[in-house]
Structure formats: structure tokens, C-alpha cells
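Taken in sequence, the protein lines are chains A and B.
Those letters in the first sequence? Residues 19 to 320, by the numbering used here.
Those letters in the second sequence? Residues 271 to 712, by the numbering used here.
It is worth saying that the hints were derived from the structure and are not from the lab.
There could be a bad hint or two in this list.
[As the list claims (entries may be wrong)] Under the rule of at most 27 Å between Cα atoms (straight-line distance), these lysine-lysine pairs were calculated in the DSS-like manner:
hint : chain 1 : residue 1 : chain 2 : residue 2
1    : A       : Lys169    : B       : Lys384
2    : B       : Lys667    : B       : Lys404
3    : B       : Lys384    : B       : Lys419
4    : B       : Lys328    : B       : Lys404
5    : B       : Lys328    : A       : Lys112
6    : B       : Lys419    : B       : Lys404
This structure is a prediction, so every number in the text was calculated from the model and none was measured.
Here is what each chain is made of, one letter per residue.
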Amino acid sequence: MTTTLSAPSQPTRIPRPWDARTQRPAGNRVVKGIIKHAVLLCVLLIMLYPLLWMVGASFRPGNQTFAGLSLFSDTYTLQNYADGWSVGNLNFSKYFVNSAIITIGQIVGNLFACSLTAYAFARLEFPFKRVLFGMVIATMLLPQHVTLIPKYIIFNQMGWVDTYLPLTVPHFFAVDAFFIFLMVQFIRTLPTSLDESARIDGCGHWGIFWRIIMPMSLPAIGTTAMFTFVWAWNDLLGPLLYLPSSDLWTVSLGLNSFLDQTGQSTYGTLFAMATLSLAPIVGFFIASQRLLVEGIATTGLK
Amino acid sequence: MTKPRSRRLLAGAALVLGVALTSTACLNQGPAASSDGQGEVGGTIQVAWWGGESRNAKTNAVIEQFNEDFPEVTTETQSADYAQYFNRLNVQASSRSLPCVVQMQDRQVNDYVKRQTLQPLDDMVASGAIDTSKIPPAVLDGGRGSDGKLYFIPYGIAWDALMVNTTLAEEAGVGAPPESWDWDQFVSYVSQAKDRLPDGTYAVAAGGEEQNAFYAWAVGQGIEVFNAEGQLGFTKEQLKEYWSLWLDLQEQGIALPPDMSAEEPPGADQGYLATGQLMVGVLPGNSLYVSQQTLDGRDGGQLQAARYPDGPAGIGNILVASGFGISSNCDNVPTSAAFIDFFTNDVDAQVAFAADNGAPTNTDVLDALTAEDSELPDLKRDELEQYRAISEDNPPKVNYPPGFNAVFQQAFTRNYNEVAFGRLTLDQAVDSFFNETNASLG
Chain A
19 MTTTLSAPSQ
29 PTRIPRPWDA
39 RTQRPAGNRV
49 VKGIIKHAVL
59 LCVLLIMLYP
69 LLWMVGASFR
79 PGNQTFAGLS
89 LFSDTYTLQN
99 YADGWSVGNL
109 NFSKYFVNSA
119 IITIGQIVGN
129 LFACSLTAYA
139 FARLEFPFKR
149 VLFGMVIATM
159 LLPQHVTLIP
169 KYIIFNQMGW
179 VDTYLPLTVP
189 HFFAVDAFFI
199 FLMVQFIRTL
209 PTSLDESARI
219 DGCGHWGIFW
229 RIIMPMSLPA
239 IGTTAMFTFV
249 WAWNDLLGPL
259 LYLPSSDLWT
269 VSLGLNSFLD
279 QTGQSTYGTL
289 FAMATLSLAP
299 IVGFFIASQR
309 LLVEGIATTG
319 LK
Chain B
271 MTKPRSRRLL
281 AGAALVLGVA
291 LTSTACLNQG
301 PAASSDGQGE
311 VGGTIQVAWW
321 GGESRNAKTN
331 AVIEQFNEDF
341 PEVTTETQSA
351 DYAQYFNRLN
361 VQASSRSLPC
371 VVQMQDRQVN
381 DYVKRQTLQP
391 LDDMVASGAI
401 DTSKIPPAVL
411 DGGRGSDGKL
421 YFIPYGIAWD
431 ALMVNTTLAE
441 EAGVGAPPES
451 WDWDQFVSYV
461 SQAKDRLPDG
471 TYAVAAGGEE
481 QNAFYAWAVG
491 QGIEVFNAEG
501 QLGFTKEQLK
511 EYWSLWLDLQ
521 EQGIALPPDM
531 SAEEPPGADQ
541 GYLATGQLMV
551 GVLPGNSLYV
561 SQQTLDGRDG
571 GQLQAARYPD
581 GPAGIGNILV
591 ASGFGISSNC
601 DNVPTSAAFI
611 DFFTNDVDAQ
621 VAFAADNGAP
631 TNTDVLDALT
641 AEDSELPDLK
651 RDELEQYRAI
661 SEDNPPKVNY
671 PPGFNAVFQQ
681 AFTRNYNEVA
691 FGRLTLDQAV
701 DSFFNETNAS
711 LG
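The following block holds chain A by itself, in its conformation from the complex (with noise of 0.2 Å):
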């Protein structure tokens, strides 16, 4: 393992005569490495822009919201936030809930449903692998308006509409074909003497399945949790539809409602809170980046 992990370093070399020449002297070093950094310090700051401006908009009065691409103005207000806040005949706080309780359900769906059917599709032999493979990655090619409405009609034959259920029971059934794929695609590469060696010491598929596979799959398995995190965050289309009474909507849904486009639109108000929406979303990749490397490190065989 260890001599694995060490491979790719640099292979120590015999100092040959002519390095002398070509050595840099160490100051060279260091110029190179203050101008890469500044380098992708701006694009860094080019990528931030709009997020920042966002930010510094959400301080200003309202009818200064739009007043230049500077960050910074001559007052400052938390106006927004306080207004933003207790918004329409609920707040923000009950938004926030309601988009935790959706973005949770798809996310434990998501992990336990997509996860078991790559286990099936990497390790299993079954008639028609390949085909019905075949047939969850075509899924992926189908625009998801094809499907809006058909989804629509059942769900509001099951009297579903207006629940969360349609936002999360269907995650349970690994609709996710590009989850799907991706954890295929990891669990391949792990070697299969693990299952064979665990099948002797007297593991079913199950225990296979939980006890090797599964914390081998950190990585996949954060990569999955964080990409529904922010998908299922960020839905609007969704809840929109099926959301329709006011105590069941979304953070998304709340952001919607300071737009108004045949009237007069909040935006100071919408920044504000799309900002506090954000936070979320940010302390999750801070979280779920931890698991990705913590998941590498545990999985130093891959």
C-alpha cells in the first residue's frame, strides 16, 4: 500500500553535471510561484464577482440595489435581511425547514436506492445486465419535460399533490441514472479478491455489500450526497408544481415570491435572502469535501 500511494512522487535523481547550468537560482522560485498565485487569485476574485456584488447589494437601501458593479456604497442597511426574513404569512425559518425535509429525503433515497442498484449492475449476474443497463442511462437522455406532465398526472391521481411525497418517494426507487452510473463506475474499479475474500469469511451479498463496499464508496457516496444537496436546493420547478399552499414552500419558492414582474419586484429583499440560502449549500461542500478526502485516504487500494 504504501509503496502504491509513494509511486507517482518524484523519483530521486543523480545529480548530473549539467544541472549546475540549468539550476534556477531560488528567488527565480519564488517570483514564479507570487505570480501564479496572483494569477488564480483573480480569477478566483473574476468567479466571486457576482457573488460578492450579491452580497454587497443585499446591504444597501432598496431603491439602491442596482446602483453600479461597485461592492461597496455610502450606506448600509439590515433592513433586508429584517424585511426578507418575515416575508408573506409565514417566514423564512419555515422555508428553510420545509427545504431541509426535501433536500434530506432525496438525499437518504438517493444514497440507499442508487447505491444498491450499482452494487446489482457492478457485481451481480443477471439476464439482461447489459440491456437494462442500457435502458438507465438512456434514461438520462430523456429532457425531463418529456416526463413533467405524465408525473404530474399520476401523482395528482394518487391525491400526492400538495405532500412532500412526490419530491421524495421517488428517490427510493433509484431514478437517478447519473448516480447510478457514477457509483457503477467506482465500484468496478475496486478489486473483487475484497468480495471473494469477504464470501469466505461467510458474507452474503448484504454483508458485501455493507461491510466492503460501502466504506470503500466514500468518495462516490459524497460526490452523490453533495450533488442532490444542491440540485434538490435549488429546485424550483418542482415545488412549484407540487407545492402549491404556502406553508409547504421551499426556500426556492419564498426567493420567487419577491419577484414580480408585473409589479413591483423586492430585490434588495431577494438578495438578502438568497444570500442566507446559500449558506447551506456552502457549509455542506465544506463538509462533504472532507468526506471526499477522508474517503480517499481510507480507500488507498483504489
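Given chain A, work out where chain B should sit, using these hints.
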């Protein structure tokens, strides 16, 4: 206020609309049921409307008053921003699960009439379940579908108007616009202003891409924008004439250049008129107050609404009607009719609603809101007085055919801008507009 400004959102709406309405075709089942709306008022109804937070609060206040008058009724509500509202409505329509009471606009109504997802209300008006006696007949006609039946009762009217920043106009030496004018006077008004306006400020919006300015130009000449078959009623030559007028204004630097126009933030409160970069804007007449509020925050001047130029056939200002209709899948028609009657005619409720979605159609409400003791801000009252003047001039109605929303506005704006950006010749763009639009209309 009722005119959508964001084209991107509309494009999304149109996409969902297309898919939604294609799939409704399989669900059509004979002619829509008709009812006289008489019966016991009670049970549950769902009410859906478009709007943001402030309109939601006002609408909820009206619904509370309705529930006080009819305590045996439970009202469930649904709301979303204009584009998202119609996205959801299309999906609900396709699965025959529309809310009982749905807000409609005359630009959209024929898409639903064609698929028979709305009930005709004529019998309910005849039976007295819904009272329309206080609504001027020309205004009530806004709620009719292309088959001539009444499908929603207009309660709020938007109208398109020119908004003039009179402070900028004074600086530019042209002064306030006259009471009424024709197109030649209008063009010379903005042309004269151009030289004395500060840099980065333009005399007039890019009217060539604005379908409403085109309606004003066409209707004023007596041109029928859509014919009885629901196809384009004007000729290619007429469109070329209109677009050339604006292309010239843009070339001379009088009208907003195409790149700036494409980048304009949506909404009357964020556009160039509200930020003081434009002297004459093309906006819904009821956005005067909203635009002025933003302008005040920047000390940007004073706005005044002006009529569109008249044509040889008379007034060009068309009205855009919004109101509530009843879905054909509704199982509680008497209560829905009672709600619509209340929302349209209850003076106290409508005074509390404060003309939030256009000028009130009920003349009693209009009188109450413009009376001396009205609590409305002066500018808002000016808006309503302008509406009164236009509505008394018997403005013509545009019959928007089915398919209008999915294609007309985007095709109009895009093809005009293809010429403005120099990617197509005028002839090519007009041909392409006619082909695209006629293929989807009707």
C-alpha cells in the same frame, strides 16, 4: 400590473406551455360544461393568481373579507410570479386539475379556451350569479375568448403607455409631451431631444422590439393585428415600415441601442426609465408609480404618462384585461361564481386591494379610488385618471389567438434585433417572423 417584461422567463413559460398543451389534446372530452352558477355557496374552493409578495398580501386580505361574508366557505390559495404561475397552470390544465378560480389575462385565455379547460360564464352573468352591470361593455369584452363567449371577468386593466421623464425633457428643451399627438410629432419630439441629453442617456426606448408599441402603431391605422382565423392580420410591408422607423431612430442614436436594450433589467422598477437613463419609455401605464419610486431614490426626475401617438383611425392605446375565470374541472361552481362576483364588485375589498393589478373595471370602485378622500398616492390616481380617459375613448380590442404566447413576442423581439444587430436584412427578418409566427398561431 400585467405586462410581462422578462423575455427569458417567457421563453421558459412558452416551452412548458407547448409541452403542456400538446399533451392536453388527448384529454379533450367534448364541449366544456356550462352552468348558471346558481346553488348553495359553501365548501372549498381554490383560488390562484400571479404576483409577488405585496400582491399576495393584498389578495389574501380580500379573501379574508370574502370569508367573513361567507363563513361557510374554505378558500385555498396558490400564487407565483407571472411566468411561474403560467408554468404551473399549464401543467394543471393538462391534467384537468386546475384550481376552481384561476386568474387569466386576455393574452393567455384563448390557449385555455381552445382546450376547453375554462367554463363560459355567460349563463352565470345572465342568472345574476356574477354581476357585471358596473363594468363598461368595451372593458368586459376583454374577458371574451375568440368564440365570443365570456371566460373571465376582468377586474384589473393594464394599458400600454409612454412614460416621459419630464425633468429630462425640460433639460433637453422639448418640454412635456402634448395631450395627444401623431407619429410624426412623436418622432420629431424625441429627435429634437437627442442632442441636448447628457451622454449615456437616450431619448426613447427601442420601440421596434416592443410588441405593444407595434399594436399602438397598427391599431391607430385601423390594422387588425390578428385576423378571424387567428393568423397575422397585417402585411409584410406594414411590418417593414414599422421596423424601419425604429431602425432609423436607433441608427441616429435617438433610440436605445440594441446592446443596451438587450441588457435592460426586467421590471418597471429596474429598467432604464427608473434609473434615469431614458427620457421616453414604453411601459404599462400602471407602472408609473413603481418607476417613480426608484427614480426618486436617485433624484432622477419626474415621470408623466403620455398617450401613444394616434393614427388616422384614432386611438392606439389598447387595454390588457386581467380577471378571474372558472375552470371546467371545478366541482364548486356556485361558490366560485360568488367569489368572482365579490372580488370584482365589492367596493370595500377593492379599495383595500388598491388597484394593485391594473385599473379597476368596476366604475364604483374606480370612483372610490379616485375620489378626494382616497388614500392612494397622487401618481397612482393619475394612472387611474389616464385609464378612465382611455377607456372612455372606446379603445379597440386585440384578439390574441391560441399559440400567441408561445411564439409571437419572442419572434417579434428576436427578429427585430437580428436586423438591429446586423445579422439579417430587414426583408429576411420580416419573412422569418411571418413564417415562424403563422406556423404556430391559430
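Hints, verified against the model:
Between the alpha carbons of Lys169(A) and Lys384(B) the distance comes to roughly 24 Å, so the proposed pair stays at or under 27 Å and holds. Between Lys667(B) and Lys404(B) the CA atoms are separated by roughly 19 Å; this keeps the pair inside 27 Å, and the hint holds. With a C-alpha separation of about 12 Å, the suggested pairing of Lys384(B) with Lys419(B) holds against the 27 Å cut-off. Taking the CA atoms of Lys328(B) and Lys404(B), the gap is near 22 Å; set against the 27 Å cutoff, the hint holds.
A C-alpha spacing of about 21 Å is found between Lys328(B) and Lys112(A), which places the hinted pair at or below 27 Å, so the restraint holds. About 19 Å separates the Cα atoms of Lys419(B) and Lys404(B), which keeps this hinted pair within 27 Å; it holds.
The structure agrees with every numbered hint stated previously.
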